[in-house]
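*Asks:* One-letter residues, chain by chain:
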Amino acid sequence: MATSLKWVVGTAFVSIGAGAAWAQDAPWGLPPGCSTIAPEVDWLYNFIFVITGLVFVGVEALLLYFCVKYRRRPGGKPGYSHGSKLAEAIWTVSPALVLLFIALVQLPTWAKAKIDFPDPTTDKDVVVVQVLAERFKWSFRYPGRDDKFFGPAQDIRKADDAAELDDVILRDFKLPLGAKAVMPIRSIDVIHSFSIFNMRVKQDAVPGLRNRVWFQPTGFYVAPVARSSLWVNPEQKFEPTSKPAWNDWEFIDSMQKYAEKYGSKSVAVETSPSIGFSGGAFRPMSQQAVVTVYRNDEILEKRPVAEAEYVIVPYQVACMELCGQGHYTMVSSLTVLPPKVYQHWYEARMKEREEFALQDDLLNVWKLWRD
Amino acid sequence: MSTEGHAGSAHAEPSFFRKYIWSTNHKTIGKQFLFTSFIFLGVAGFLILLVRWNLAHPGEPVPLIGKLLFGGSGAVPPEKFIFLTSMHGTLMIFFVIIPILVGAFGNFLIPLHVGTHDMAFPTLNALSYWLFWGACILIVIGIVMGFASPQDQDMAGWTLYPPLSAYAGPVMTWVLLAMIFVGFSSILGAVNYLTTIAKMRAPGLSWFRLPLTTWAQFITAVLQLLATPVLAAALTMLTFERVLGMNFFTPGGLELSGQPVGHSGGVPLLWQHIFWFYSHPAVYILVLPAMGMASDLLSVGARKAIFGYKAMVLSICAIAGLGFVVWAHHMFVSGMNPYLGMGFMISTMLIALPSSIKVFNWLGTLWRGQIRFDTPTLNAISFVAMFVIGGLSGIYMAATPVDIHLHDTYYIVAHFHYVVFGGSLFAVFGAVFFWFPKMFGRMMNETLGKIHWFLSFFFFNSAFFIMHVVGLAGHPRRYASIAFLEQTLGHMQWMNRMITYSAICLGLAQLVLIFNFFWSVFKGKKAEPNPWQANTLEWTVPSPAPEHNYHVVPTVHHGPYEYGAGNGKDWMSQVESAGAAPSSERH
Ligand code: HEM
Ligand SMILES: [Cu+2]
Ligand SMILES: [Cu+2]
Chain S
0 MATSLKWVVG TAFVSIGAGA AWAQDAPWGL PPGCSTIAPE VDWLYNFIFV
50 ITGLVFVGVE ALLLYFCVKY RRRPGGKPGY SHGSKLAEAI WTVSPALVLL
100 FIALVQLPTW AKAKIDFPDP TTDKDVVVVQ VLAERFKWSF RYPGRDDKFF
150 GPAQDIRKAD DAAELDDVIL RDFKLPLGAK AVMPIRSIDV IHSFSIFNMR
200 VKQDAVPGLR NRVWFQPTGF YVAPVARSSL WVNPEQKFEP TSKPAWNDWE
250 FIDSMQKYAE KYGSKSVAVE TSPSIGFSGG AFRPMSQQAV VTVYRNDEIL
300 EKRPVAEAEY VIVPYQVACM ELCGQGHYTM VSSLTVLPPK VYQHWYEARM
350 KEREEFALQD DLLNVWKLWR D
Chain U
0 MSTEGHAGSA HAEPSFFRKY IWSTNHKTIG KQFLFTSFIF LGVAGFLILL
50 VRWNLAHPGE PVPLIGKLLF GGSGAVPPEK FIFLTSMHGT LMIFFVIIPI
100 LVGAFGNFLI PLHVGTHDMA FPTLNALSYW LFWGACILIV IGIVMGFASP
150 QDQDMAGWTL YPPLSAYAGP VMTWVLLAMI FVGFSSILGA VNYLTTIAKM
200 RAPGLSWFRL PLTTWAQFIT AVLQLLATPV LAAALTMLTF ERVLGMNFFT
250 PGGLELSGQP VGHSGGVPLL WQHIFWFYSH PAVYILVLPA MGMASDLLSV
300 GARKAIFGYK AMVLSICAIA GLGFVVWAHH MFVSGMNPYL GMGFMISTML
350 IALPSSIKVF NWLGTLWRGQ IRFDTPTLNA ISFVAMFVIG GLSGIYMAAT
400 PVDIHLHDTY YIVAHFHYVV FGGSLFAVFG AVFFWFPKMF GRMMNETLGK
450 IHWFLSFFFF NSAFFIMHVV GLAGHPRRYA SIAFLEQTLG HMQWMNRMIT
500 YSAICLGLAQ LVLIFNFFWS VFKGKKAEPN PWQANTLEWT VPSPAPEHNY
550 HVVPTVHHGP YEYGAGNGKD WMSQVESAGA APSSERH
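Protein chains in written order, with numbering that gives the first Met the number 0: chain S, 0 to 370; chain U, 0 to 586.
Heads up, a few of these hints could be off.
To be verified - In silico lysine to aspartate or glutamate, EDC-like type, Cα no more than 20 Å apart, as pairs:
#1 S:Lys136 to U:Asp569
#2 S:Lys68 to U:Asp569
#3 S:Lys136 to U:Glu254
#4 S:Lys76 to U:Glu445
To be verified - Over 12 Å on every C-beta distance to chain S, these chain U residues come out as not near it, computed from the model:
#5 Leu67
#6 Ile273
#7 Phe323
#8 Ile356
#9 Phe453
#10 His556
Said to hold, decoys possible - Just the calculated beta-carbon pair ranges, DEER-fashion:
#11 U:Ala232 to S:Lys256: 56 to 62 Å
#12 U:Val324 to S:Ala88: 43 to 49 Å
#13 S:Arg226 to U:Pro60: 32 to 38 Å
#14 S:Lys264 to U:Gly70: 32 to 38 Å
#15 U:Val324 to S:Ser285: 54 to 60 Å
#16 S:Pro223 to U:Ala232: 57 to 63 Å
#17 S:Ala88 to U:Ser576: 32 to 38 Å
#18 S:Thr120 to U:Leu269: 46 to 52 Å
#19 S:Glu353 to U:Pro60: 36 to 42 Å
#20 U:Lys309 to S:Gly325: 49 to 55 Å
#21 U:Ala232 to S:Glu351: 50 to 56 Å
#22 S:Lys264 to U:Tyr338: 44 to 50 Å
Read the hints as simulated data drawn from the structure, not as lab findings.
Using N, Cα and C, we set each Cβ at its ideal position, and we do this for glycine too.
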């Protein structure tokens, strides 16, 4: 009995170790966490993984062991017992303590994620970006030069042709490295869920409810751009790969590191519409496409796509609450940019807004925004 | 309530119609529920395989039957996808698992276990089945419409979240009506079960001498009686919102595809609160009876008394009680007040406790047993093994910060399939095998039973375990394909394929069960009264159980788990009055 118990416990520990290593390894575990909350969430996940892993291996091993040890034998007599109060007490109290511990240990993380929002009026790092969900698209609004959002619905309608309407509204969004994003979330039709896997962010967009979410990205990935412009229509079958794409990418968490590694390289700072992801790599959508390139601290616009050696990887944003037939197409992206590039980009967008009226599809949706 | 009135064979043999169709006999009604829900099990399983096909091979034609079902190239059209998943979930929960566990086994076993001739209200019992039939007709109309109509069959999952469900196409209305019928059927059934168990127990059959199966049915009936009316209210509100233009769940100022929506003043979260107030207890309705049956099967198979019988009963009660205060763990990221989330997180952690107590007691039951590896026992042991996995994954999701990442991914899908398929359905496989002789007077084939068990166990795990992995990576549930998330999930596509192929094999493995079942009904070995040497009352009457169960009302002398008590054989029927019989109330 004693030796077999040692075996069971030994196997349990080896399996847990192997399991943890396995789960840490990118193809199996959580996708890379790239926000300040992510390490806490992932720690909690790993913590629960170890505890439940032990319980899992222990219980299943014991079950198996009992099945072998207490299998029916000719002439064998079963033991007679209706239980034991002591055993009951032990296995009531000990899981209770463990569960209570798990319950308490997670409270600070939850509070950080959903309760302690940074204050946009005092915190200089905060960037407020509004999110509006409609079937099956996301759009994002920045305040523009006056740093104020157009408030109530009628304003945006009235200001249709007014020059001071400078709010920037886009189908995907960007943030400068180091910024804290505070994002009010609304929906104009059904419930959607705003989710960014790598940020460990998820918050439903509920019609009639003023939801919001905040997070702070810790960096961005830089990926090589493949030369071949293979592109398949995403509606058709795509090219599965066996390993996660981010294994080949470099994570940049400071401008210093960026300067060292990519300062003199040609890095495309945007993907859509010129660069797409397919077959495990970023590729030009066509050889004629043009992109904005960041090189030697200079921002070069409208460069041929062939010039870009690298690209800053956008994080995918997905709708996670069933919203109808096109639910699975409701995908957008967040790009975290070097601050200088972000400023340049934002300037350009604001100028664009001064010159061109908002497109009808966006205007029609955003007139439904309710503060 | 007289327990003798109907005993004896004074009745004339009823006509075929009275006996098999319009019967008020609890055994016939139980079998009717069993057959009906098995049919839906096949349908719902088939629907989800179509979904799985598209996840493995997005946009590719479904082999063999694609053209027949969908025309065109034979691929699953995106607009049919939501219909298929939603219908799968709705059918499995309301037309398969609940009716099998409660309708079939509750009906068949309760009067037998309490030692009486029938339910307290046999006509009400029949009514409960025929209301269920009403529901079946309505849902079949929905299914046919879903396939037949050219487009726009939006549905809203089995959770029916408005506003989506308020706008969805006409199929939705049929589903709502069907669910209202199911609800009423459940409520009537519950009244019957409670009365029968509380009032019609045979002499000597005290509460703590009831088999755990019956205890579980009793508590399940309490859950149904308290929770189902809430669901019925919610469904009625939603139906009124759709059909009569009332406003409960849809706020004003919305637009759908550029058209203003003619609703105002509603609150979407109201639905989620009401729905989960029912549906969390409902997930325990989906598992408690299975826990009861698995306990009995394990005890019989191991030739050992249930370890900690009273702890088992108490933990069933605790699960039911706590089950009413955890509902909002489905809503952590819905926009509900985050402080509320903390409270529900703690209650959810607590509810894992009674479940773990039960697991340890099952282990204790096997400990020092003489385990007989027949099909019922194998399935019951699998129930324990799989339920553990589902219970443990629940803890990840109860941890609110982790749930932010896991919510609405395949991790959730893995979780509840481990508890409902790995748990409840395996218990059902075992239970069908175990009580088959009492139902049909013949034994099922043991070899086929083991083959079916092995194939199901293997393919179940290879299909559903991988879902944890893809879910952890972020794979959203209810997506027609991950083509648009290739950058994040593209490397998981081979796993999607593995899941799909395993699911297809899992489906095919059920053919073995179907064959075994029907073959055995006609050709199986004739069963003795007590083929498993079990203690409970149903095994004291011939197989199949006679029309009125007991000719003489049995007198019960002790609890149902006196195995290995050392009276010359390793079991002792509840009616045996062996002088020094140990009481099960002794611990
Ligand atoms: C052991 C204790 C359990 C815990 C701690 C637990 C916890 C949870 C949590 C927190 C969720 C919500 C996850 C989310 O949507 O983000 C969930 C979902 C679910 N659970 Fe459990 N669970 C447990 C046992 C069970 C059992 C026994 C069943 C059924 C027999 C069950 C069935 C379900 C179902 C069906 C869902 C998904 C509902 C849906 O969104 O479609 N769970 N569980
Ligand atoms: Cu959506
Ligand atoms: Cu729940």
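*Asks:* Give a verdict on every hint.
*Replies:* Results of checking the hints against the structure:
1. For the suggested pair Lys136 of chain S and Asp569 of chain U, the alpha carbons sit about 67 Å apart, so the restraint of at most 20 Å is broken.
2. At roughly 18 Å between alpha-carbon atoms, Lys68 of chain S and Asp569 of chain U fall within 20 Å of each other, so this suggested pair holds.
3. Proposed proximity of Lys136 of chain S and Glu254 of chain U is supported: the alpha carbons are some 14 Å apart, at most 20 Å.
4. Between the alpha carbons of Lys76 of chain S and Glu445 of chain U the distance comes to roughly 24 Å, so the proposed pair goes past 20 Å and is violated.
5. Under the 12 Å C-beta cut-off, the non-interface status given to Leu67 of chain U relative to chain S holds; the minimum distance is some 22 Å.
6. Taking the minimum C-beta to C-beta distance to chain S, about 15 Å, the non-interface status of Ile273 of chain U holds against the 12 Å cut.
7. Taking the minimum C-beta to C-beta distance to chain S, about 19 Å, the non-interface status of Phe323 of chain U holds against the 12 Å cut.
8. Distance to chain S contradicts Ile356 of chain U as a non-interface residue, since its nearest Cβ pair spans about 6 Å, not more than 12 Å.
9. With 12 Å as the threshold on Cβ separation, the claim that Phe453 of chain U sits away from chain S holds: the shortest Cβ distance comes to roughly 14 Å.
10. Against chain S, the non-interface label of His556 of chain U holds: every CB pair exceeds 12 Å, the least being about 16 Å.
11. The hinted range of 56 to 62 Å is satisfied by Ala232 of chain U and Lys256 of chain S, whose Cβ atoms lie roughly 58 Å apart.
12. Evaluation of the 43 to 49 Å hint for Val324 of chain U and Ala88 of chain S yields a failure: the beta carbon distance comes to about 24 Å.
13. Roughly 34 Å separates the CB atoms of Arg226 of chain S and Pro60 of chain U, a value that falls within the hinted 32 to 38 Å.
14. Between Lys264 of chain S and Gly70 of chain U the Cβ separation comes to about 52 Å, which falls outside the hinted range of 32 to 38 Å.
15. A hinted range of 54 to 60 Å for the beta carbons of Val324 of chain U and Ser285 of chain S is consistent with their spacing of about 58 Å.
16. Taken as a hint, the range 57 to 63 Å holds for the pair Pro223 of chain S and Ala232 of chain U, whose Cβ atoms sit roughly 58 Å apart.
17. In this structure the hint that Ala88 of chain S and Ser576 of chain U lie 32 to 38 Å apart at CB holds, the actual value being about 34 Å.
18. For Thr120 of chain S and Leu269 of chain U, the Cβ-Cβ distance of about 33 Å falls outside the hinted range of 46 to 52 Å, so the restraint is violated.
19. Under the hint 36 to 42 Å, the C-beta atoms of Glu353 of chain S and Pro60 of chain U, about 51 Å apart, miss the expected range.
20. About 54 Å separates the C-beta atoms of Lys309 of chain U and Gly325 of chain S, a value consistent with the hinted range of 49 to 55 Å.
21. Distance hint check: the CB atoms of Ala232 of chain U and Glu351 of chain S are about 52 Å apart, consistent with the given range 50 to 56 Å.
22. Hint check: Lys264 of chain S to Tyr338 of chain U, Cβ distance near 48 Å, so the stated range 44 to 50 Å holds.
Violation of the numbered hints given earlier is confined to hints 1, 4, 8, 12, 14, 18, 19; the remaining hints are satisfied by the structure.
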